[in-house]
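Novice: Model the full structure from these sequences, guided by the hints.
Numbered by my numbering, the letters in the sequence shown go through residues 371 to 861 in order.
Among the clues, some could well be false.
Said to hold, decoys possible - Here are the computed lysine-lysine pairs in the DSS-like style, where the Cα-Cα straight-line distance is at most 27 Å:
hint, residue 1, residue 2
1, Lys-488, Lys-442
2, Lys-389, Lys-403
3, Lys-452, Lys-442
4, Lys-791, Lys-528
5, Lys-445, Lys-487
6, Lys-566, Lys-488
7, Lys-433, Lys-487
8, Lys-433, Lys-445
9, Lys-452, Lys-437
10, Lys-487, Lys-442
11, Lys-795, Lys-696
12, Lys-746, Lys-696
13, Lys-791, Lys-698
14, Lys-488, Lys-433
It is worth saying that the hints were derived from the structure and are not from the lab.
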Amino acid sequence: LYGRRWHGPITPVVAEIRKELYVERYEAIHWPKQRHNVYEADVYTPHSMLYDVASWFLQIYEKFPIKAFREKALKVSYEHCKYDDISTSFICLGPVNKVLNMLIAHIEEGPTSDHYKKHLERVDDYLFMGPEGMRMSGYNGSQLWDTSFAVQAICAAKLEGECPAAMAAAHHYIDVAQVQEDPPGDYEAFYRHRTKGAWNFSTRSQGWQVSDCTAEGLRVVLLLRNNVAIVPCPFPLGRIQDGVDEILSLRSEELGGWASYEAPRGPQYLELLDCAEIYKDIMIDYTYAECSSSCIHTLCLFRTQYPQYRTEDVNRAIAEGVKCVKSKQLPDGSFYGSWANCFTYAGWIVSDALLLAGEAPTSPVFGRLSTFTMSKQNEDGGWGEDFNSCVTGRYVPNPDGSQVVNSAWAVMTLIFCNYDKPSPKVVSDIERGIRFIMSRQLRSGDWAQERISGVFNGNCAIHYPGYKNSMTVWALGKYVNWTRKRQQTPI
Numbered sequence: 371l372y373g374r375r376w377h378g379p380i381t382p383v384v385a386e387i388r389k390e391l392y393v394e395r396y397e398a399i400h401w402p403k404q405r406h407n408v409y410e411a412d413v414y415t416p417h418s419m420l421y422d423v424a425s426w427f428l429q430i431y432e433k434f435p436i437k438a439f440r441e442k443a444l445k446v447s448y449e450h451c452k453y454d455d456i457s458t459s460f461i462c463l464g465p466v467n468k469v470l471n472m473l474i475a476h477i478e479e480g481p482t483s484d485h486y487k488k489h490l491e492r493v494d495d496y497l498f499m500g501p502e503g504m505r506m507s508g509y510n511g512s513q514l515w516d517t518s519f520a521v522q523a524i525c526a527a528k529l530e531g532e533c534p535a536a537m538a539a540a541h542h543y544i545d546v547a548q549v550q551e552d553p554p555g556d557y558e559a560f561y562r563h564r565t566k567g568a569w570n571f572s573t574r575s576q577g578w579q580v581s582d583c584t585a586e587g588l589r590v591v592l593l594l595r596n597n598v599a600i601v602p603c604p605f606p607l608g609r610i611q612d613g614v615d616e617i618l619s620l621r622s623e624e625l626g627g628w629a630s631y632e633a634p635r636g637p638q639y640l641e642l643l644d645c646a647e648i649y650k651d652i653m654i655d656y657t658y659a660e661c662s663s664s665c666i667h668t669l670c671l672f673r674t675q676y677p678q679y680r681t682e683d684v685n686r687a688i689a690e691g692v693k694c695v696k697s698k699q700l701p702d703g704s705f706y707g708s709w710a711n712c713f714t715y716a717g718w719i720v721s722d723a724l725l726l727a728g729e730a731p732t733s734p735v736f737g738r739l740s741t742f743t744m745s746k747q748n749e750d751g752g753w754g755e756d757f758n759s760c761v762t763g764r765y766v767p768n769p770d771g772s773q774v775v776n777s778a779w780a781v782m783t784l785i786f787c788n789y790d791k792p793s794p795k796v797v798s799d800i801e802r803g804i805r806f807i808m809s810r811q812l813r814s815g816d817w818a819q820e821r822i823s824g825v826f827n828g829n830c831a832i833h834y835p836g837y838k839n840s841m842t843v844w845a846l847g848k849y850v851n852w853t854r855k856r857q858q859t860p861i
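Specialist: Here's what the structure looks like:
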């Protein structure tokens with residue numbers, strides 16, 4: 371857009387919007403001076419000196435751009451935009467590049483072109499009515515993610531037989547949501563990873579695979595595989611193996627663990643070119659404790675059911691993944707969570723995966739994580755962690771006190787960290803947490819929506835309304851099974 375110096379017609383509506391947005395006359399604003407005019411509280415990741423120097427140089431170059439280079443660059447850029455449009459069924463990765471790509475298609479191909487019309491057809495994927503009116507979501511939904519968690523919560527409570535129709539419907543969605551082909555054409559030329567066998571965060575048509583979404587989707591398939599009342603027709607073995615192939619392909623051979631959309635492929639110094647003040651770690655993908663743990667968990671489950679498939683690769687991925695995850699434990703025993711709030715979330719996913727991977731019950735990793743988790747319990751028995759834990763990198767208590775979602779994660783962390791021989795103090799803390807969760811349940815069986823629990827890139831909150839139900843049921847189910855395993859009576 372800037373390379374073409376494009377702007378739309380200045381209509382009366384545009385003129386009025388300019389008056390609404392700016393406190394001074396639009397024509398009087400000196401735009402070059404606004405380049406670094408950012409409210410202090412919004413500067414989460416300040417520009418590097420390298421970026422500022424590069425920006426200064428490019429400002430000079432923009433006065434005398436080389437025409438041949440500019441036209442070539444614009445052509446290549448639009449080819450990448452078009453490829454993302456086509457490979458994602460015109461949904462695009464997210465709403466920001468969706469609207470930009472749509473505007474570019476309007477400019478390049480015209481408002482009557484098929485390409486632009488296909489963009490218009492997918493705008494509704496992002497829109498929803500909120501309390502304040504029409505809103506645009508940060509993704510085209512979290513359908514796969516929420517469905518997989520809901521199924522696992524019900525399985526943890528051993529209640530799948532109580533709702534076979536709902537479980538069958540959920541399994542059907544997992545079935546149709548799996549991506550069964552790679553991106554079209556020469557996808558590597560557009561820096562895309564393979565996708566055959568993957569699950570996306572939302573829908574199959576969205577087109578962007580995610581490591582832990584693939585792991586969670588495949589896990590549902592494995593959990594329900596032998597339940598003929600829910601899955602009368604077995605899930606094709608070839609597609610299960612495709613899912614494992616996808617998970618293995620996304621792992622960093624160098625670092626051992628898993629990032630989100632792709633294996634880390636760029637050097638960390640690229641972060642010096644980050645121009646977005648409000649996020650961190652956005653220039654390359656990193657290995658995460660949660661993504662790695664989800665993949666380890668599912669590979670362990672797969673290994674028990676299909677021990678003959680790519681045995682050496684699966685075993686190596688689990689072993690190196692465990693090593694990567696354990697290396698991320700902080701001195702206070704916690705694990706930083708990059709995709710939800712924060713230390714309670716990461717502690718749950720990590721401890722569950724390490725236990726299944728065969729980490730010794732007496733491992734200091736469990737001991738230190740358990741001690742950290744117990745130290746954050748509130749007097750009412752619950753846990754409450756604020757979004758600012760993700761922002762600051764240290765545990766921040768929630769100003770509203772205990773939250774059922776954080777409490778569910780913390781309870782499960784303590785169960786997994788003390789699975790065989792819990793001390794009386796651990797048992798007491800777990801039961802206090804369970805009582806807190808139970809006390810917050812409404813007469814309808816629901817739990818009230820509390821403060822926000824999701825995050826990405828350190829500084830952007832995500833609303834997961836499904837967590838208040840899936841995580842609480844999950845924790846209650848795990849507690850009951852753990853208590854009965856010890857031949858005790860649940861509270």
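Novice: Does each hint hold? Answer for all of them.
Specialist: Status of the hints after comparison with the structure:
no. : hint              : verdict
1   : Lys-488 - Lys-442 : 26 Å, holds
2   : Lys-389 - Lys-403 : 20 Å, holds
3   : Lys-452 - Lys-442 : 15 Å, holds
4   : Lys-791 - Lys-528 : 23 Å, holds
5   : Lys-445 - Lys-487 : 21 Å, holds
6   : Lys-566 - Lys-488 : 24 Å, holds
7   : Lys-433 - Lys-487 : 35 Å, violated
8   : Lys-433 - Lys-445 : 20 Å, holds
9   : Lys-452 - Lys-437 : 22 Å, holds
10  : Lys-487 - Lys-442 : 26 Å, holds
11  : Lys-795 - Lys-696 : 25 Å, holds
12  : Lys-746 - Lys-696 : 21 Å, holds
13  : Lys-791 - Lys-698 : 25 Å, holds
14  : Lys-488 - Lys-433 : 36 Å, violated
Consistency with the previously given hints fails for numbers 7, 14, ordered from lowest to highest.
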